[in-house]
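*Asks:* Just need the whole structure built from these sequences, with the hints factored in.
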Amino acid sequence: MPSRTRRMFVPAVATLGLLGSACGTQELPQNALDPQGPVARQLDNLWDPVFLVAVVVFFLVQGLVLYCLFKFRAKSDEDAPVQVHGNAKLELGWTVAPAMILAFIGFFTVATVFDINRRAEGEEVVQVNVIGHQWWWEYDYTDEGIKTANELHIPAGEPVQIALNAEDVMHNFWPPKLAGKVYAIPGRTNYMQIEADVPGEYAGQCAEYCGLSHANMRLKVIAHERADYDRWVADQKRPAATPAASDANAVAGAGLFGGQCTRCHVIEGVQGGEIEQPAPNLTHLASRTCFAGCMFEMNDSNLRRWLRNPPAEKPMNPDNNQGMPNLGLTEEQITQLIAYLNTLK
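Its first residue numbered 18, the sequence shown is counted upward by one per residue in the numbering used here.
Since the hints were made in silico from the structure, they are not lab data.
Worth double-checking, as some hints may not be accurate.
To be verified - In silico DSBU-like links for lysine-lysine, alpha-carbon gap of 35 Å or less:
(1) K164 with K331
(2) K362 with K164
(3) K198 with K254
(4) K362 with K254
(5) K88 with K198
(6) K92 with K106
(7) K331 with K198
(8) K164 with K198
(9) K237 with K362
(10) K254 with K237
(11) K237 with K164
(12) K254 with K164
(13) K362 with K331
(14) K106 with K88
(15) K331 with K254
(16) K237 with K198
(17) K331 with K237
Unchecked claim - Okay, the calculated beta carbon distance ranges per label pair:
(18) R321 with K254: 17 to 23 Å
(19) E138 with L81: 46 to 52 Å
(20) D214 with V127: 23 to 29 Å
Virtual Cβ for every residue (Gly too), placed ideally from N, Cα, C.
*Replies:* Here's what the structure looks like:
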């Protein structure tokens, strides 16, 4: 194979591979081009024409580059071609044309930004404070007096007003099918609005690098019919369940939790000491579908692996109060804790 052909082979194969990877038809849970709410739809409606303009500009510029490359290529029997430096018409043209294109895009972009940043108002509007932690999300439903983690529950077909901030470092809250990215910044409150067209589960992600487990700081938005959402709120307001006296493992697990876990975790109604490091509220942990920043599905097997050695399952730095440490639990203690946690529905 000639050296020139060999040099072109790898880029050509890589390009074909990238093009092929864009042809997948599988469900993409974090697809920003599949809007499922009015805010995401507005962003998509802005993206479509901007992308079209970018494609036209790309092919126009590249076409002119290729034309000039072959039309005015240097030849051994010719003098240097006439230079265009100082040609007022050309320089004015390639300055004004891009400026007009950017002004056109900027007009609609600014209008969209103002539109999606309007705050939802009214007594029925759900208000949620979202706090970013390393590496999980806390949700504080201020009007209902509910605190939970990782799963954001909302009523479908209604705007939800979110106030965003962070406990430690900068994060970025992004449920791509429902809204755009908004920063969560320590000491500052940013606002956003989300709304889901229909009930369902919508995946999301922290979109700002925030340390060891940034890629594992996931989130889930669960949209309900209004009646189901009201039922969820009522369930979350109930105090934590007390283990039945006949369930020896759960009773032992409750005692173990009170001695080992209340330094960081809160279960409403369970007396604990002073919180040393904020960790997810576990009052109704067993009603959730995921845990540890929505990295793991909620089941006994995953809970056992997690309790056995959390830093082995998720990159963390517990020595610096970043994530859950290995508590050195025995298998019997882990069984007891799982039995207790399963009562928290």
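*Asks:* Now tell me, hint by hint, if it's right for this structure.
*Replies:* Here is what the structure says about each hint:
no.: 1; hint: K164 with K331; verdict: holds, 23 Å
no.: 2; hint: K362 with K164; verdict: holds, 14 Å
no.: 3; hint: K198 with K254; verdict: holds, 30 Å
no.: 4; hint: K362 with K254; verdict: holds, 11 Å
no.: 5; hint: K88 with K198; verdict: violated, 45 Å
no.: 6; hint: K92 with K106; verdict: holds, 27 Å
no.: 7; hint: K331 with K198; verdict: holds, 24 Å
no.: 8; hint: K164 with K198; verdict: holds, 23 Å
no.: 9; hint: K237 with K362; verdict: holds, 18 Å
no.: 10; hint: K254 with K237; verdict: holds, 20 Å
no.: 11; hint: K237 with K164; verdict: holds, 15 Å
no.: 12; hint: K254 with K164; verdict: holds, 9 Å
no.: 13; hint: K362 with K331; verdict: holds, 25 Å
no.: 14; hint: K106 with K88; verdict: holds, 21 Å
no.: 15; hint: K331 with K254; verdict: holds, 30 Å
no.: 16; hint: K237 with K198; verdict: holds, 15 Å
no.: 17; hint: K331 with K237; verdict: holds, 18 Å
no.: 18; hint: R321 with K254: 17 to 23 Å; verdict: violated, 30 Å
no.: 19; hint: E138 with L81: 46 to 52 Å; verdict: holds, 51 Å
no.: 20; hint: D214 with V127: 23 to 29 Å; verdict: holds, 26 Å
Violated hints, listed in ascending order, are 5, 18; each of the other numbered hints is respected by the structure.
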